[in-house]
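Trainee: Given next are the chains, with one letter for each unit.
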Amino acid sequence: ELKVEQNPLFLSMQEGKNYTIYCNYSTTSDRLYWYRQDPGKSLESLFVLLSNGAVKQEGRLMASLDTKARLSTLHITAAVHDLSATYFCAVDINRDDKIIFGKGTRLHILP
Amino acid sequence: GAVVSQHPSWVICKSGTSVKIECRSLDFQATTMFWYRQFPKQSLMLMATSNEGSKATYEQGVEKDKFLINHASLTLSTLTVTSAHPEDSSFYICSASPGTLTNAEAFFGQGTRLTVV
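Chains as they are written, first to last, in my numbering: chain A, 64 to 174; chain B, -9 to 107.
It is possible that some hints are incorrect.
Derived BS3-like pairs (lysine-lysine); straight-line CA-CA distance at most 30 Å [what the hints assert, rightly or not]:
| hint | chain 1 | residue 1 | chain 2 | residue 2 |
| --- | --- | --- | --- | --- |
| 1 | A | 161 | B | 45 |
| 2 | B | 54 | A | 104 |
| 3 | B | 31 | A | 66 |
Pairwise CB distance ranges, derived in the manner of DEER restraints [to be verified]:
| hint | chain 1 | residue 1 | chain 2 | residue 2 | range |
| --- | --- | --- | --- | --- | --- |
| 4 | A | 75 | B | 58 | 22 to 30 Å |
| 5 | B | 73 | A | 138 | 45 to 53 Å |
| 6 | A | 77 | B | 21 | 23 to 31 Å |
| 7 | A | 143 | B | 30 | 20 to 28 Å |
| 8 | A | 87 | B | 107 | 34 to 42 Å |
| 9 | B | 44 | A | 121 | 14 to 22 Å |
| 10 | A | 143 | B | 10 | 38 to 46 Å |
| 11 | A | 158 | B | 50 | 17 to 25 Å |
| 12 | B | 6 | A | 85 | 40 to 48 Å |
| 13 | A | 103 | B | 3 | 13 to 21 Å |
| 14 | B | -1 | A | 122 | 37 to 45 Å |
Bear in mind the hints are in silico, worked out from the structure with no lab data behind them. Quick caveat, the model's predicted, so the values are computed rather than measured. Here a beta-carbon is modelled for each residue, glycine too, at the ideal position from N, C-alpha and C.
With the hints as extra help, turn the sequences into a complete structure.
Mentor: What follows is the structure in structure tokens.
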């Protein structure tokens, strides 16, 4: 059974600081996703990582994938208040679009 | 990106009644769609895989007689919560993917917030 573990589950940080969210998964996969969810809203796709060593950046967020270590990271650079949200990593192990989610990281950035 | 639309966005119903939620892929065809449930401050839990033209596949612990799924066309899947109870109150989200080799991304509907009173 696939397990997707995120840490930390909750993160409170000051604006301007850097931090990393980690996502470990238990079964081999080369499809990993990062999503953002604001309160009361659905998911916003941030990154799609499809190969070992993949690195993608958008603004202050950068995601990477190490399929050998079964690890993905979401790095936040110089955080701003607008990045406060819950971030989910998710994995598709069978390439069948059936996505299993981690528990999410609630990020709270203090102004 | 591709668009997946859910309807309604929110619904309030009385205990014992049934509620139908629609999930449509607006600009692509999807032979499979997925239904998730999310309780407050929790993650998304996969409920079932909706298969066009055949029976849905339910995850362990999900009652198939309570959560009826119909996928009658390549652009529409419906989830019916039958004999709803307050514990069924949740945020229900569907997803679908164009499924091309160059586009492995799944797209999510805007979600349906169900409140059973």
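Trainee: Kindly indicate which numbered hints from before are broken by the structure, ordering the numbers from low to high.
Mentor: As far as the earlier hints go, 4, 6, 9 and 14 are violated by this structure, in ascending order.
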